Amino acid sequence: MRYAIISPDGDLSRHDGELDWRTAIGPEGKARVHLPDLAITGWVNDVGLLYPKRYPRNIVGSCLLAALGARPQPYAGPVVLTGWNPGNTALGLLEIEPLPQPVEHLDFVHGAVQKALTGQTPRDFSPSWAESMREIAEHARTAPTSGITITTVRL
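The numbering of the sequence shown is the working numbering, which starts it at -8 and goes up by one.
None of these hints come from the bench; they were simulated from the model.
From a predicted model like this one, the values you see are computed outputs, not experimental measurements.
Incorrect hints may have been included.
[Claimed, not checked] Here are the computed distance ranges between Cβ atoms for each label pair:
| no. | residue 1 | residue 2 | range |
| --- | --- | --- | --- |
| 1 | H96 | D0 | 19 to 25 Å |
| 2 | P118 | Y42 | 19 to 25 Å |
| 3 | A134 | E9 | 29 to 35 Å |
Glycine included, each C-beta is placed from N, C-alpha and C at the ideal position.
Take these sequences, add in the hints, and give me the full structure.
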């Protein structure tokens, strides 16, 4: 299967072959990041933000997912990108597919995010887009980790 990984350091690598989710994302489990109207989807560790020493926040990955249409929020650990076909659900087939070819668009957006985060405005984007990427990056760096509140109920 063809897939890409954005490391917490912001590096983008492409892979072909079997995807080992436990190695790529972590043993805790994966959560899908919805990217509307795209034939790709993102995957992150579903509890990565709770373990900051093990899964540092992925600033570039958080910005790239937002640039592709995901809700802006911090993500921790590696971000995996695969193909996605929600139409397969009705057929009882797997929705996860290989990352579609060509993958130049992914490289293009990744490069634009990296430029924006260094204070530049990528040639094909507006200054406001670059500023919004910097705002999303700041949010991804500083947003508090949400917690779980457990209360007891007496019956």
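Do the hints match the structure? See the list:
no.: 1; hint: H96 <-> D0: 19 to 25 Å; in the structure: 22 Å, holds
no.: 2; hint: P118 <-> Y42: 19 to 25 Å; in the structure: 36 Å, violated
no.: 3; hint: A134 <-> E9: 29 to 35 Å; in the structure: 34 Å, holds
Going down the numbered hints, you'll see the structure goes against just number 2.
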